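*Asks:* Going line by line, the protein sequences match chains A and B.
When we follow full-length UniProt numbering, the leftmost residue of the first sequence carries the number 1, and every step to the right adds one.
When we follow full-length UniProt numbering, the leftmost residue of the second sequence carries the number 1, and every step to the right adds one.
Read the hints as simulated data drawn from the structure, not as lab findings.
On a predicted model such as this, the values are computed, not experimentally measured, just so you know.
Just so it is clear, CB atoms sit at the ideal spot from N, CA and C, and this is done for glycine as well.
One thing to keep in mind: the hints can contain errors.
Stated by the list, open to error - Here are the simulated distance ranges between beta carbons:
{"hint": "1", "chain 1": "A", "residue 1": "13", "chain 2": "B", "residue 2": "110", "range": "17 to 23 angstroms"}
{"hint": "2", "chain 1": "A", "residue 1": "44", "chain 2": "B", "residue 2": "117", "range": "32 to 38 angstroms"}
{"hint": "3", "chain 1": "B", "residue 1": "39", "chain 2": "A", "residue 2": "85", "range": "56 to 62 angstroms"}
{"hint": "4", "chain 1": "A", "residue 1": "3", "chain 2": "B", "residue 2": "38", "range": "53 to 59 angstroms"}
{"hint": "5", "chain 1": "A", "residue 1": "85", "chain 2": "B", "residue 2": "23", "range": "17 to 23 angstroms"}
To be verified - For lysine-lysine, the following DSS-like pairs were computed, each having C-alpha atoms within a straight-line distance of at most 27 angstroms:
{"hint": "6", "chain 1": "A", "residue 1": "70", "chain 2": "B", "residue 2": "136"}
{"hint": "7", "chain 1": "B", "residue 1": "173", "chain 2": "A", "residue 2": "94"}
{"hint": "8", "chain 1": "B", "residue 1": "30", "chain 2": "B", "residue 2": "61"}
{"hint": "9", "chain 1": "A", "residue 1": "129", "chain 2": "A", "residue 2": "114"}
{"hint": "10", "chain 1": "B", "residue 1": "173", "chain 2": "A", "residue 2": "114"}
{"hint": "11", "chain 1": "B", "residue 1": "32", "chain 2": "B", "residue 2": "61"}
{"hint": "12", "chain 1": "B", "residue 1": "113", "chain 2": "B", "residue 2": "136"}
{"hint": "13", "chain 1": "B", "residue 1": "173", "chain 2": "A", "residue 2": "90"}
{"hint": "14", "chain 1": "A", "residue 1": "68", "chain 2": "B", "residue 2": "183"}
{"hint": "15", "chain 1": "A", "residue 1": "114", "chain 2": "B", "residue 2": "187"}
{"hint": "16", "chain 1": "A", "residue 1": "70", "chain 2": "B", "residue 2": "113"}
{"hint": "17", "chain 1": "B", "residue 1": "183", "chain 2": "B", "residue 2": "173"}
{"hint": "18", "chain 1": "B", "residue 1": "39", "chain 2": "B", "residue 2": "61"}
{"hint": "19", "chain 1": "B", "residue 1": "187", "chain 2": "B", "residue 2": "173"}
{"hint": "20", "chain 1": "A", "residue 1": "114", "chain 2": "B", "residue 2": "183"}
{"hint": "21", "chain 1": "B", "residue 1": "136", "chain 2": "A", "residue 2": "129"}
{"hint": "22", "chain 1": "A", "residue 1": "68", "chain 2": "B", "residue 2": "136"}
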Amino acid sequence: MADRLTQLQDAIDQLATIFYCALRYVGSHHDFIPTHNEPKVRDETLQPDPPHIFRSSQQELARDLVLKTKQIEVLIASLPGIGVSEDDQKERLKELGEELERAEEERLRSIREKEQLLVEFDEVVRSLKRV
Amino acid sequence: MADEQDNRRASLFPAPPTFYTHFTPENQEKLKEFQAAAKNDEDENASKELPAELVCLIPPKPPTDKYQSFGQIWTLPERHPTLQELNIPQLFPEPNNESYNVDRAQELRRLSKSLLLNYLELVGIMGISPEEYAEKVYHLRIHLINIHELINNYRPHQARETLISMMEEQLEKSRQETEDNRKACAKVRELLGSLSTFDAGGLLTSDTATSTTTTTTTDISATSATTATTTIPTTASIADGAGIWEERDKSSWEALQQAGL
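Work out the full structure, taking the sequences as your base and the hints as a guide.
*Replies:* Structure below.
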């Protein structure tokens with residue numbers, strides 16, 4: 001999974017693509033309405049969609065737009081470390097580093113203890129064999 | 001000509017530079033001779049006298065200001081160019097150290113709303129006078145660039161945040177392992193403790209000295225040491241009376257199996 005910032009960036013890019021698609025669709029699939037008694041204008045390069053399809057496509061595009069915007073808002077709200085300043089982070093990192101060192105020491109000590117016990121146990125088992 | 005060169009630099013898999021054919025063993029030999037000669041003559045301008053095919057063999061000086069790579073210009077030291085440097089108006093305030101991160105999310109939200117509004121305006125303009133699109137498109141562009149800039153500025157912050165969470169994870173893991181090790185140790189000690197009392201009860205009754213020590217020890221860490229010492233007298237007595245010990249051996253093994261060991 002990509003991190004939040006990349007997700008946000010991708011979402012923004014997708015939003016821009018939707019911007020373009022929506023305008024492009026409306027521009028290339030609209031029908032003409034004659035004014036007064038003039039004949040209806042025709043454009044050979046245009047392929048007008050039937051009204052109900054045009055309408056539903058418009059609604060779909062609008063829904064996409066709103067959805068994407070909402071998604072962006074959610075992503076912004078869930079950005080990591082909001083309300084934490086750089087100094088806080090550095091402080092926390094330092095703290096964690098020290099804690100890690102301590103924990104590592106403890107871990108090594110416990111491993112040594114385990115190994116020591118293993119040796120002792122080994123001796124006991126061997127003594128049983130000899131008996 | 002210049003165009004062609006630019007194209008070559010910008011292509012993803014550029015053709016090798018034209019002078020690569022000069023890199024032959026003969027030319028390298030020649031260059032060495034030339035340099036040796038230049039040293040002898042103490043001539044500073046030796047490179048000027050070099051024939052054209054040898055000039056390329058001397059590597060150029062490393063760049064100090066900026067350089068071009070795959071059609072992109074890189075600055076030295078490497079850094080992200082600011083919006084001002086790119087001649088793009090900056091739509092968010094300069095960071096002040098105190099509440100920068102809170103501001104950043106707020107600014108992002110503001111910019112995304114503004115972006116949508118600009119688009120709405122663009123759609124309106126397209127409906128009324130489509131030829132005036134340019135200004136709004138420019139605004140949209142500025143907004144998008146600003147949003148991306150903000151996000152990219154945010155990255156170091158996120159990197160630190162990720163590092164923190166990774167360290168927390170590692171700490172948790174390390175502590176868990178310590179805990180597990182301790183538990184295992186306690187279990188083994190318990191086992192050793194029960195074993196030593198068992199030893200004292202059924203196996204080593206003949207040796208009074210060891211039996212008293214093993215029964216009296218309550219300190220867990222000491223028990224293993226005493227069980228280790230018990231081996232010495234038993235091995236010594238094996239030589240004395242092997243027959244008795246064999247019998248005991250058998251019975252002790254049965255007892256051990258009953259104890260589930």
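*Asks:* For each hint, tell me whether it holds in the structure or not.
*Replies:* Consistency of the hints with the structure:
1. 13/A / 110/B: 17 to 23 angstroms: Holds, since residue 13/A and residue 110/B (Cβ atoms, about 19 angstroms apart) stay within the stated range.
2. 44/A / 117/B: 32 to 38 angstroms: holds (36 angstroms)
3. 39/B / 85/A: 56 to 62 angstroms: Holds, since residue 39/B and residue 85/A (Cβ atoms, about 60 angstroms apart) stay within the stated range.
4. 3/A / 38/B: 53 to 59 angstroms: holds (56 angstroms)
5. 85/A / 23/B: 17 to 23 angstroms: Cβ of residue 85/A to Cβ of residue 23/B: about 54 angstroms, so the range 17 to 23 angstroms is violated.
6. 70/A / 136/B: holds (23 angstroms)
7. 173/B / 94/A: holds (18 angstroms)
8. 30/B / 61/B: With Cα atoms ~21 angstroms apart, residue 30/B and residue 61/B stay inside 27 angstroms; holds.
9. 129/A / 114/A: Holds, at about 22 angstroms.
10. 173/B / 114/A: holds (18 angstroms)
11. 32/B / 61/B: holds (19 angstroms)
12. 113/B / 136/B: Answer holds: residue 113/B to residue 136/B is near 15 angstroms, not above 27 angstroms.
13. 173/B / 90/A: holds (22 angstroms)
14. 68/A / 183/B: The given pair, whose Cα atoms are some 52 angstroms apart, is violated under the 27 angstroms limit.
15. 114/A / 187/B: Since the Cα atoms of residue 114/A and residue 187/B sit roughly 11 angstroms apart, the hinted pair holds (cutoff 27 angstroms).
16. 70/A / 113/B: The hint holds at about 10 angstroms.
17. 183/B / 173/B: holds (15 angstroms)
18. 39/B / 61/B: OK: residue 39/B and residue 61/B at ~20 angstroms, within 27 angstroms.
19. 187/B / 173/B: holds (21 angstroms)
20. 114/A / 183/B: holds (10 angstroms)
21. 136/B / 129/A: violated (90 angstroms)
22. 68/A / 136/B: Within the cut-off at roughly 21 angstroms; holds.
Of the numbered hints given earlier, the model fails hints 5, 14 and 21; all others are met.
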